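Participant: Take a look at the letters that make up each chain.
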Amino acid sequence: MTYTALSLTLIFVCIPLLLSKILKLDLEKDTLIATLRSIIQLLAVGYILKFVFDANSYSYILLMVALMIIVATLNARKKGAGIKGITWKIALTLVMIEIITQGVLLGFHIVPATAQYIIPISGMLIGNSMVLSILFLNRFTAEIINHKDQMELILSLGGTPKQAIHRQLINAIKASMIPTIESQKTIGLVQLPGMMSGQIIGGADPIHAVQFQLLIIFALLTTATLSSVMIGFLSYPALFNERMQLLEMK
Amino acid sequence: MNMLYEPAIHFQQVHFSVNDKMILKSITGSFPKEQITTLVGPSGAGKTTLLKLCNGLLSPSNGHILVDNQPISTYDPTALRRHVGIALQAAPMIAGTVLENLALPRTLQGQKLLQQEAIQYLEDVGLNESFLHQSTNDLSGGQRQKVSIARTLINKSSILLLDEITSALDRQSVQDIEKLIVTINKKYNVTMIWITHNLQQALTIGHYTWVMMNGELVETGKSSLLDAPTNPRVAEFVQGVNK
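Chains A and B, in that order, give the protein sequences.
Quick note on numbering: the first sequence equals residues 0 to 249 in numbering that gives the first Met the number 0.
Quick note on numbering: the second sequence equals residues 0 to 242 in numbering that gives the first Met the number 0.
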């Protein structure tokens with residue numbers, strides 16, 4: 000695609016701006032900021048990726064993945080601000096997810112150990128984990144606030160913190176995983192996944208594109224489960240003190 | 000307070016504060032063993048907080064609490080809470096049947112509650128077998144409170160804390176619960192600490208009373224003190240309630 004052609008796609012930005020103006024949605028500023036940010040961020044990433052791919056050095060790959068984990072952690076932690084130590088708990092979860100998924104993919108030679116594969120796959124998995132973590136923390140916090148009386152009941156009957164929070168933990172884990180599972184049920188029927196579409200547009204064989212998409216779909220199931228389960232089990236002890244008392248969420 | 004009785008729970012200079020806000024100030028006093036002591040006082044006096052301190056759902060900021068002459072901090076929290084049971088004001092239930100709720104104290108210990116035992120506990124609180132498989136969502140306020148009390152009895156607690164359990168009930172349910180409290184106290188020799196806004200209940204059912212205001216213990220003694228209070232603050236409170 001030429002830069003002239005790309006600039007013509009800005010028509011798609013003008014339409015929401017126009018509608019926002021006419022309907023007084025007051026979203027013009029946000030739309031412009033989002034557009035500018037996406038142009039700057041993606042171009043910057045494009046040049047960085049080009050540099051990293053050309054260098055094909057493991058230290059650059061590691062640096063890129065570390066950067067992804069840091070940004071994803073800083074973004075997700077806002078939703079769990081009331082949980083002590085949430086930052087390192089999310090970071091540890093993302094590191095574990097990266098180790099497990101890349102361990103399988105590279106260990107079994109499913110994908111080549113090059114920046115071209117490791118970085119985009121890591122980006123998709125870490126990004127998905129970040130969204131899952133946000134979904135989980137949102138629901139988990141709401142469950143705790145809304146069912147404080149039930150947790151207190153179980154503690155009052157001689158239950159342990161783990162028993163007291165069990166239902167809330169399971170509900171939050173299930174709720175955060177449902178969108179991933181549901182979206183996978185209709186995949187290919189309602190919409191073609193972004194990565195697969197990108198590959199097909201780029202001229203790849205559709206079957207080859209589907210194979211890679213399946214790889215991502217299966218890996219996403221693991222990241223979805225691990226994100227909520229790990230953050231959940233790492234987080235709940237911080238909600239109680241050593242006398243098994245439920246602490247107020249800040 | 001008359002100390003002819005051995006204390007089940009003793010507070011010694013207990014303070015409790017949250018975020019620098021003092022909730023309880025220098026509470027010293029005892030709850031006599033196997034007696035019914037009522038906790039009365041205006042809303043916000045710190046009564047529920049005091050109750051939660053008794054079974055370790057909260058810990059004092061300062062001071063000492065003895066349960067059966069043993070410092071509360073030396074108890075394992077789960078063992079303490081089985082020893083000192085609490086029926087919470089809202090009678091919270093886990094989603095499920097009455098039987099599942101009654102079995103909860105046992106389930107938490109990895110044990111089972113036999114159906115026959117469950118029926119016995121239901122009968123103890125004035126309910127019958129037909130309630131066993133009923134969803135707790137279908138229970139009335141009074142029935143929920145009775146199930147909540149029965150559930151607390153399953154741990155065979157020797158001290159029972161009751162947090163305003165009759166405040167939202169109709170007249171008949173209130174009378175049923177009042178009878179139940181007296182029966183449990185006599186049948187199981189359970190020490191009871193009962194928060195109530197109903198001074199008549201405190202006078203007729205409670206053996207002893209604690210009057211609390213603004214986080215302070217204003218007066219303690221036999222329940223009859225509410226009949227003819229000598230403390231001017233208590234007199235003002237009683238007069239206000241009886242208006």
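Incorrect hints may have been included.
[To be verified] Covered by chain A, according to a simulated footprint, are these stretches of chain B (three or more residues, beta-carbon under 8 Å):
#: 1; stretch: 50-57
#: 2; stretch: 126-136
[To be verified] Quick list of in silico lysine-lysine cross-link-like pairs, BS3-like style, CA-CA up to 27 Å:
#: 3; chain 1: A; residue 1: Lys83; chain 2: B; residue 2: Lys20
#: 4; chain 1: A; residue 1: Lys147; chain 2: B; residue 2: Lys186
#: 5; chain 1: B; residue 1: Lys155; chain 2: A; residue 2: Lys83
#: 6; chain 1: A; residue 1: Lys161; chain 2: B; residue 2: Lys32
These aren't lab readings, by the way, just hints derived from the structure by calculation.
The structure displayed is predicted, hence computed values, not measured ones.
The C-beta atom is built at its ideal place from N, Cα and C for all residues, glycine as well.
Participant: So, for every hint listed, does it hold in this structure?
Facilitator: Results for each hint:
1. 50-57: With 4 residues close enough to chain A, the hint holds.
2. 126-136: Check failed, 0 qualifying residues.
3. Lys83/A / Lys20/B: Roughly 22 Å separates the two Cα atoms, so the pair holds.
4. Lys147/A / Lys186/B: 33 Å, violated
5. Lys155/B / Lys83/A: The hint is violated at about 36 Å.
6. Lys161/A / Lys32/B: 33 Å, violated
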